[in-house]
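For the record, the sequence lines run as chains H and X.
So the first sequence is numbered by numbering that gives the first Met the number 0: it starts at 0 and just counts up by one.
So the second sequence is numbered by numbering that gives the first Met the number 0: it starts at 0 and just counts up by one.
The hints are simulated quantities; they were obtained by calculation from the structure and are not laboratory data.
In this text the structure is predicted, and so the values were computed from the model without any measurement.
Each residue gets a CB set at the ideal place from its N, CA and C atoms; glycine is no exception.
Just so you know, not all the hints are guaranteed correct.
[What the hints assert, rightly or not] Pairs of lysine-lysine, DSSO-like flavour, derived with a Cα cap of 30 Å: (1) K81(H) - K148(X); (2) K411(H) - K365(H); (3) K170(X) - K24(X); (4) K190(X) - K24(X); (5) K81(H) - K170(X); (6) K81(H) - K171(H).
[Said to hold, decoys possible] Taking CB as the label site, the calculated pair distances span: (7) R468(H) - E6(X): 40 to 48 Å; (8) E6(X) - G109(H): 23 to 31 Å; (9) G302(X) - H115(H): 30 to 38 Å.
What follows is the residue order along each chain.
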Amino acid sequence: MSESRIPLLEASSVTKVFGAVRALENASLEVRAGEIVALLGANGAGKSTLVKILTGALRPDQGRVRIRGSELAFASPTDARKSGLIPVYQESSMIPDLTVADNLRLTDTGTEPFRHWLNELGMGDLRLDARTSGLPLATLRILDLARAIADDPVVLLLDEITAALPTDLVQKVLEVVRSQKDRNCGIIFISHRFIEIGAVCDRASVLRDGRTVGSLDVRPGVEDQVVEMMLGGSLDSTAAVGDSGVAGDRAAGPPRLRANGLSAGDNLVEVTFELRHGEVLGVVALEGQGQDELFEVLSGFERPTGGTIEVDGAPVVFQHPADAIEVGLAYVPGDRATALLMQRSVHENIALPFSAKASAWGAIPKRRERERVAEAIERLQIDTRAQGELRRLSGGNQQKVTIGRWTAANAKTLLLFDPTRGIDIRTKRQIYPLMRELAAQGTSVLYYTSELEEIPLVCDRVVVIFSGRIVDTINARDVDESMLMRAAYGLRPSSAEAA
Amino acid sequence: MGLFRRESWNVGLLVILALLLALTKAVQPNYGAAGFEGLAQAALPFAFAAAAQAIVVIAGGIDLSIASMMAVTSVTAAVLMEGATEGQAVWIALFVLGLGAAMGALNGFLIVITRVPDIVVTLAMLYVWEGVALMILNAPGGGASEWLKALPIGSVPLPFLPESVSSFIPKALLFLLVCIAVVWFPLKRSKLGLQIYAIGSSEQTAFRTGVPVRRSKVIAYSVAGLFAAMGGLVLTASTGIGAPIPGPYLLASVAAVVLGGVILGGGRGGLIGPIIAVFILRLVRTILTFLAVDPNVTTIVEGTIMVAVVMAGGVLALRGRRRKAA
Numbered sequence: 000m001s002e003s004r005i006p007l008l009e010a011s012s013v014t015k016v017f018g019a020v021r022a023l024e025n026a027s028l029e030v031r032a033g034e035i036v037a038l039l040g041a042n043g044a045g046k047s048t049l050v051k052i053l054t055g056a057l058r059p060d061q062g063r064v065r066i067r068g069s070e071l072a073f074a075s076p077t078d079a080r081k082s083g084l085i086p087v088y089q090e091s092s093m094i095p096d097l098t099v100a101d102n103l104r105l106t107d108t109g110t111e112p113f114r115h116w117l118n119e120l121g122m123g124d125l126r127l128d129a130r131t132s133g134l135p136l137a138t139l140r141i142l143d144l145a146r147a148i149a150d151d152p153v154v155l156l157l158d159e160i161t162a163a164l165p166t167d168l169v170q171k172v173l174e175v176v177r178s179q180k181d182r183n184c185g186i187i188f189i190s191h192r193f194i195e196i197g198a199v200c201d202r203a204s205v206l207r208d209g210r211t212v213g214s215l216d217v218r219p220g221v222e223d224q225v226v227e228m229m230l231g232g233s234l235d236s237t238a239a240v241g242d243s244g245v246a247g248d249r250a251a252g253p254p255r256l257r258a259n260g261l262s263a264g265d266n267l268v269e270v271t272f273e274l275r276h277g278e279v280l281g282v283v284a285l286e287g288q289g290q291d292e293l294f295e296v297l298s299g300f301e302r303p304t305g306g307t308i309e310v311d312g313a314p315v316v317f318q319h320p321a322d323a324i325e326v327g328l329a330y331v332p333g334d335r336a337t338a339l340l341m342q343r344s345v346h347e348n349i350a351l352p353f354s355a356k357a358s359a360w361g362a363i364p365k366r367r368e369r370e371r372v373a374e375a376i377e378r379l380q381i382d383t384r385a386q387g388e389l390r391r392l393s394g395g396n397q398q399k400v401t402i403g404r405w406t407a408a409n410a411k412t413l414l415l416f417d418p419t420r421g422i423d424i425r426t427k428r429q430i431y432p433l434m435r436e437l438a439a440q441g442t443s444v445l446y447y448t449s450e451l452e453e454i455p456l457v458c459d460r461v462v463v464i465f466s467g468r469i470v471d472t473i474n475a476r477d478v479d480e481s482m483l484m485r486a487a488y489g490l491r492p493s494s495a496e497a498a
Numbered sequence: 000m001g002l003f004r005r006e007s008w009n010v011g012l013l014v015i016l017a018l019l020l021a022l023t024k025a026v027q028p029n030y031g032a033a034g035f036e037g038l039a040q041a042a043l044p045f046a047f048a049a050a051a052q053a054i055v056v057i058a059g060g061i062d063l064s065i066a067s068m069m070a071v072t073s074v075t076a077a078v079l080m081e082g083a084t085e086g087q088a089v090w091i092a093l094f095v096l097g098l099g100a101a102m103g104a105l106n107g108f109l110i111v112i113t114r115v116p117d118i119v120v121t122l123a124m125l126y127v128w129e130g131v132a133l134m135i136l137n138a139p140g141g142g143a144s145e146w147l148k149a150l151p152i153g154s155v156p157l158p159f160l161p162e163s164v165s166s167f168i169p170k171a172l173l174f175l176l177v178c179i180a181v182v183w184f185p186l187k188r189s190k191l192g193l194q195i196y197a198i199g200s201s202e203q204t205a206f207r208t209g210v211p212v213r214r215s216k217v218i219a220y221s222v223a224g225l226f227a228a229m230g231g232l233v234l235t236a237s238t239g240i241g242a243p244i245p246g247p248y249l250l251a252s253v254a255a256v257v258l259g260g261v262i263l264g265g266g267r268g269g270l271i272g273p274i275i276a277v278f279i280l281r282l283v284r285t286i287l288t289f290l291a292v293d294p295n296v297t298t299i300v301e302g303t304i305m306v307a308v309v310m311a312g313g314v315l316a317l318r319g320r321r322r323k324a325a
């Protein structure tokens, strides 16, 4: 067992500089055989840069990476793969226009082991001659994982493998990942969810501002320590969430938004609910239960196949997303890339809905626009150091821009679809109190989230959707995660106990 | 059924082609073997241009220099073949094919190394190759060997088929199919072909999956150059001389690619579709000529057909998907 002494992967004093930004400064990482190491860091801490260097997509300015003790010049992803480092990236690596089988051929992956791991992951009945562009995101992630494991990795790098998965698949994935320990493979595990890290990881390596600030054994209660390391001791914001509290039921009156038996094909069936003035209404659902269709119908992207929408008591019909915006419904989609102009500035992105309101041939009132944008930047504490082009901002800051543009436009209702997916804990903790603040000012918020622990922090009430129908409406003060989870699985509290 | 579905675009094109042939026969009752042979001969250079364009588009690029490369290879062959023996001409033809592949590879290298967008690089090369062609031969001239001239002429006598049937298999068509088959089918089945589809589908993903993106791209352009050289040789064969001014093959190649089911942007389609599309577009011209339609109207009809077919294809694909979902 002496082989566990030699680290499988050893990255030391890795430095990478982009212009004036030192993305990585003396970062290091060590993974031993049979070990699962969590790589942690707030957005912008240098995680993505380190991943790119380890996988050969970027060359480090200084430092070296060794696999099984022999140093490697990572010239390209091909070289990294050959040396045994197999990555599963945040986005799927399946070529969309090729079939699954052709994708396997591309990486010389054996069909037999691939089939085996696909079975273990509960997708054994998938057809290999299916074109991958038609497959759902969660399936693609499972294909990525099965292929990576079938490639017999020395070191497996998993970047947010669970982010887009429904809860039942997450459990399967974690089981399979854990089982890799027995094959003496080393795993780098990147996730924003502490529960998963606690469940599978042996050690956590923490990055902050491009430096490796520590490495801890994962044991119960380590979360606080890790968060502290990630944030660098500035933990004042933690308290803000607790203080903000949750407002009680608002006074009766016509609701801000009312859905009456709203349907969209088979995916959304006769959904009825009210969103009151100054209320944050949570939406909880497993992946693909109809929440996507609900938000698309409410934001005018898709027409309902049945039912009506009322805004402030008056029925509305949306022919175009602009109609929804006109009555004050602002949609913030889950995929930030579809909401933002990535190559334009922070200013333009925030001002967009505002300038769209100016009459077609009229001049844009520049001064008023500037004031409003400045106000939004201030209010959301958007980091504008790289304000020239939005794609240079971190994910958390981009998300703030998508929300900020609507607060600047004084939207009366925000439809937020998983606004905290894949963003760092610091930004999350800025978004929660912001929601409460907006609600206190009378803004209504429909808040879908895949992170159940957010519900009691942010929402007044919560509706649970299961297979296209609302199965429960609960006061957010009375919920806990396990209760929401049971409801999301379509289990009634009583029947769950009986079973 | 699987094959039929996967090749549904090509099947659709073949149906259109059959209908057009029937229509031609209806318009011009004495249209027969000779007419079809003429069609195949006229389509030949367009078909090679379309094949060249198709492979580059599948790889996610575009090549605006195809017609100019055809001109360079055509004049090179004509100049070298003038006065050469029939035996020497074989070596000359092979040299010209190599020259085409090299020109294509140069296009690819420039794109990969300079990182200038492909449309800009190949636009520049369009002018460069045009100049080169004029330097080699500043007016139509040169010659062609007898076997080359004979290559696309006549029909293929197949011993087991009666004369009346085999006369409908023009040599030009057979020559085209052999050339395409020899290059394309091995390529498509190889990992290299898969990599060309992969970089066209998503260059970023392909790169991260370990596909040698630059190499695959250079090879795709190089194969395009090879097809362009075949087109150039065919031009020399059919006229017996070399013409330094590029013919109308560039935009025609893009049109055939689009009509042939290759998605601009890459990753989808093949070479068979664009070649059938070339025949369709040629045949439409023939019909309109028979009908004595104003040539200016002809181009309007061609443009309309292109948009209509691509649109109809999109609608049918969408309906198919809906039915599958329901």
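If any of the earlier hints don't hold here, list their numbers in rising order.
Hints 1, 4, 5 and 9 contradicted; others consistent.
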